[in-house]
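Engineer: The listed protein sequences correspond, in order, to chains A and B. Counting in this note's numbering, the first sequence runs from 3 upward without gaps. Counting in this note's numbering, the second sequence runs from 2 upward without gaps.
Worth flagging that the hints you see were computed from the coordinates, not collected in a lab. On a predicted model such as this, the values are computed, not experimentally measured, just so you know. Just so it is clear, CB atoms sit at the ideal spot from N, CA and C, and this is done for glycine as well. A few of these clues could be false.
Listed next, the in silico DSS-like pairs over lysine-lysine satisfying Cα-Cα at most 30 Å (straight line) [claimed, not checked]: (1) B:K43 to A:K124; (2) A:K124 to B:K5; (3) B:K69 to B:K5; (4) B:K103 to B:K69.
To give a feel for the contact side, a few chain A residues facing chain B, derived at Cβ under 10 Å [claimed, not checked]: (5) G86; (6) H89; (7) I115.
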Amino acid sequence: MDSPASPNSLDLDRTLAMAGSAAASFARLWQALWVQPYVAPPLLEMCRLTLARLHRDEHELAATNPHLEPGALAAARRAAVIAGQAHAATGFSVTERAVLQFAECYALDAQSIPDGTADMVKAQLGEPALVFLIEALGCIDGRIRTARCLRDLQRFAPAQAAHVG
Amino acid sequence: MSAKARARAPARRTGNPIRDSALALVPETVDEIVALNSAVWKRSLVSPALLETLRLRNARTVNCVFCKAVRYEVARADGLTEARAAMIDTGYQDSALTEREKLAVALADSYLGFPAGMGAELAQRLAREFSAEQIASMFVALMTFNFTSRTAVSIGGMPEEPLPVVLVPLATDD
Chain A
3 MDSPASPNSL
13 DLDRTLAMAG
23 SAAASFARLW
33 QALWVQPYVA
43 PPLLEMCRLT
53 LARLHRDEHE
63 LAATNPHLEP
73 GALAAARRAA
83 VIAGQAHAAT
93 GFSVTERAVL
103 QFAECYALDA
113 QSIPDGTADM
123 VKAQLGEPAL
133 VFLIEALGCI
143 DGRIRTARCL
153 RDLQRFAPAQ
163 AAHVG
Chain B
2 MSAKARARAP
12 ARRTGNPIRD
22 SALALVPETV
32 DEIVALNSAV
42 WKRSLVSPAL
52 LETLRLRNAR
62 TVNCVFCKAV
72 RYEVARADGL
82 TEARAAMIDT
92 GYQDSALTER
102 EKLAVALADS
112 YLGFPAGMGA
122 ELAQRLAREF
132 SAEQIASMFV
142 ALMTFNFTSR
152 TAVSIGGMPE
162 EPLPVVLVPL
172 ATDD
């Protein structure tokens, strides 16, 4: 199998494919997240970077997103998100700030997202987009978590990693 | 947890709990989420009791009131009685759960930690007890349980108090 040596959220499906049809379904859902009318791919990528930053995951932060057109996310904006400075930096729209604030709250504790933070996303993008964003954040965060665990498995149980990774 | 629901469920009911939730507002993903949930329960590479162990550990960590109350009939039939479900809690290491069930709880905790990750001892125990395919299958199940339960929590509108345990069949329309 052509699975990556050190998986991240973006190439995880190649590693998980051995799990069969459930993994294939998860991979289809992942693909669908990047072609929908609610949250533009560059903004979704900024959400991924926000979650990766909170996990302090350098491997994830260094990954290149194949779902983005080249140049779709300017280097300065990417750097601001990775530094956790999107809220203060210039060049971010009200919608982008609202979504990134929501992403950060979601990552820290999904139970404690302030109503005002959710209302801001809903006001900017609408109710279906809020639901989509919540789904997408869960998928992205889950994939980052799984990739981290699989990398540890590769590191600590290399015989298994010969199959898993 | 927000007491008010941040998104509305559809008025028309289908009998499928996913389609009858606010997830129906996103037609681009809802069919695949229904298919994914079905595939996890019907075509995973580990037993239903192990899946339920992962699901309940996640539900209790995420504190999804609805998820915590649900028990899947297929897992109950596979031996995960209510007494055993209660063991998926603090002190599970010293409980009567099987070694594989304890490892499933530990796997879930590694995934659910912040930041996520596992140590050498657990990695080696998992590798001895499960095949690579089974480990991959458990991660797919965990991701599914985790993102759907966190979606429910994030949308809000859940009761604060625990709900009575309810035994549910697998959905039939997926």
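Engineer: Does each hint fit the structure? Answer for all of them.
Structural biologist: Now for the hints, and whether the structure bears them out:
no., hint, in the structure
1, B:K43 to A:K124, "36 Å, violated"
2, A:K124 to B:K5, "14 Å, holds"
3, B:K69 to B:K5, "19 Å, holds"
4, B:K103 to B:K69, "19 Å, holds"
5, G86, "15 Å, violated"
6, H89, "20 Å, violated"
7, I115, "6 Å, holds"
Violated hints, listed in ascending order, are 1, 5 and 6; each of the other numbered hints is respected by the structure.
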